[in-house]
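A.B. asks: Residue-level listing of the chains:
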Amino acid sequence: MNSKAKIEALWIIGVLVVLVVAAGINIYTTESPNFTIATKETPSSPIPGNTTVVYVEGVQWSWLFTTYNSTGKHTTTDGVTLTVNHTYTFVITSIKGSHQFAVIHDLYIPQFDVQAYAVPGQNNTITFTPIHTGTFIIECVEYCGYLHYEMRGYLTVVA
Amino acid sequence: MSATMLLLEVSIILSFVFVILFFMYYKYLTVKTGMDNASDESDYYDSSSYFREKRKSNGAISTSAFVLTDSKSIGLRYLMTSLVFFFIAGTFGVIMRVSLIEPTPTLFAHREVLYDILTTEHSILMIYMWAVGSAFGLAYYLLPTFLKIKNDKYGNISSWAYWIYVLGGIFILLSRTSTRWYYYPPLALQLNPYGAGSMNWLAVIGMEMIFIGIAIASITVIRMIIFDRSQEVPMTKMPLFAWGVLFTLIMFLASAPFMMAALVMLFYDFFNPIFFTGVGGSSPISFAELFWVWGHPIVYIAILPQFGLIYEIIPKFTGKKIFSYSSGVLALGLLMPLSELVWGHHLLNSGLGLAWGLFFTTASFAVTIPSAITVFNYIATLWSAEKIRLTVPMLFVINGIFDFIIGGITGVMQSTLVINEEVHGTYWITGHFHFIFMGITTGIAFAAIYMIWPSLTSGRKYDQRLANWHLSLTAIGSFIMSIGWTVGGFLGMPRYVSGYFARFQVYQDIAIAGGVIIGIGQLFFLANLIKSLLEEPSTSPSNVLEEVYKLPSPGAVGGD
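Just so you know, the sequences run in chain order A and B.
Under our numbering, read the first sequence as residues 1 to 159, first letter to last.
Under our numbering, read the second sequence as residues 1001 to 1560, first letter to last.
Keep in mind the hints are simulated off the structure, nothing from the lab.
Watch out, some of these pointers could steer you wrong.
As the list claims (entries may be wrong) - Covered by chain A, per the in silico footprint, the following chain B stretches (three or more residues, Cβ under 8 Å):
1) 1350-1363
2) 1488-1495
To be verified - Below, in silico cross-link-like pairs of lysine to any residue (SDA-like), each with a Cα-Cα straight-line distance of 20 Å or less:
3) Lys6(A) x Asn1272(B)
4) Lys40(A) x Trp1356(B)
5) Lys6(A) x Ile1379(B)
6) Lys40(A) x Gly1319(B)
7) Lys6(A) x Met1199(B)
8) Lys1320(B) x Ala5(A)
9) Lys40(A) x Leu1354(B)
10) Lys96(A) x Asn1272(B)
11) Lys4(A) x Ile1379(B)
12) Lys40(A) x Glu1289(B)
13) Lys1148(B) x Met1235(B)
14) Lys4(A) x Ala1385(B)
15) Lys1321(B) x Ala5(A)
16) Lys40(A) x Ser1283(B)
17) Lys40(A) x Val1279(B)
18) Lys40(A) x Lys1148(B)
19) Lys4(A) x Gly1319(B)
20) Lys4(A) x Leu1382(B)
21) Lys1320(B) x Leu1390(B)
Note that the coordinates shown come from a computational prediction; the quantities given were computed from them, not determined experimentally.
For each residue, glycine too, the CB sits at the ideal point set by N, CA and C.
With the hints as extra help, turn the sequences into a complete structure.
C.D. replies: What follows is the structure, encoded as structure tokens:
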């Protein structure tokens, strides 16, 4: 084996090591309790434990957050208030506004590392627990028309 | 005006148009027959190459390229139109960047609509007309020399393909679509300025035409590489650029049908919305999936030929052969199947779930292997060279490798599920692919154009000073722009928006500065072109990229 082949073998092995390590980290982080990813499902009832279900609807061009409790149905637009260290399940879908069809949106809470598409005719579920109090931004990151950029707001986490 | 009068006027105008068209066709036929007879008498199979040789134009920029149908002329057409579209789409890019100077759109009336149109046109035209167009231009222009092709007889088909493709691009431009380059329905079905643009249907037709044009051209180029290649150039010694083009076009033909079918279904949806509406069991996500089966390979189509070109350019300025020919072919070849396996990483948050997510992210990591082998191959070649001549094309190559390393590492990072959830849909992604598209696609295309400059301008030199300005401003501007986006995107700055949270102002401002610098840089290229066309020819019209094409070493283990 001459030096050229050696160098080639070396860089292929080096790349493979990087690949395996990166893939390992990728799989390892998904095992973490804080990890959450959107899945195409409607949450089964009854809801486990002390989880609160928030129904999120994207419409051209705002976000509607709906919760149900003993006092009835509560809907807020472009913002929602959550309680810290409490687990929430967001059920996200898209409903039609003035146009014939609903369009695809994408709910994104950057500081929580939470992102899920709002797809017409499909419920996407994502579960997470806010661990800090404060005000955080929410955005739509899938282009949905004229006022796409105004599909944003603030999410407040209180103690 | 009554309907009868209108009908009368329309028919009169139409008959005039037909008379003029017939006259043009008659003239064309007369000239064509004359050309054919003349070339037949001189024992030429193909009248175009006969006339090109007779006129000694040697593949220079001229309008005759649009009439002649030999490969060099077809290549020139692609190069010229891709440059025109590059400047159109680039202007759009600079305008939309500047329009983002304030967080809330108040500067122009309906800035949102303007921004949406500009950003959509910028992305579609840059990818399909500039990246693909320049790659086809260089392939048609360089491959006949690289592969010593004598049998250049599919010019008519290539010519048709070219016209369909350019007309498609013009349709896209005229449609003023604002649906973004991925055409997601049901938004794409909203034919009003507040949805996808009033004439989005025209953009769908234009896109389909671009696909048909590229598909026909792909088949002719593949034929050229595999069958029309001279016997002196065996497959195992083919230039790496030819390998890059071959793999790219096979990749295109393997993945484009999905998007072509999806576009037809989308077009049907304009009249009878049944396929992608989310009503009655249909899912809009199925369009997104069909799109990305194509949409991921397209981004490699924009870099693979350029990867091949880098392998051709480096030896010209280092005087050394490529470090390893076989691992270069292997890497380019590996990108082809891998690119077809990773499309899901564009939709990780759409509800695919964990298992699919892990499959697509792991497959995306595997793309690292060929990319890294390619980069290591470049670095090893540069490393083992005794001296490197830092001319403008070589500096473009070095800048491209530098940018590709940043763009590649950000790419590996974002294919981790956790990080993807953080950066998907943000400017991080924009930064990631602008590093690569500015460094590799644009940079290498310009490097090649500078190298074949004497041929393009029939024996004129480019101005070194202007070229250096072009290079520096493009490199610095694209770095500033992309780094502003990458950092801002990681903090959650959404892309594709005409307004933004005021907290992201600083990153937008950095990107605006970078974008304007790039824009100014391209003016130096234009000035250079005009300046050298005004000068008298001062050098031989041959160019360093094509002259005495030496075959690369047959194997990796061949020593020096």
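A.B. asks: Please name the hints from earlier in the document that this structure breaks, with their numbers sorted from lowest to highest.
C.D. replies: 3, 6, 7 and 18
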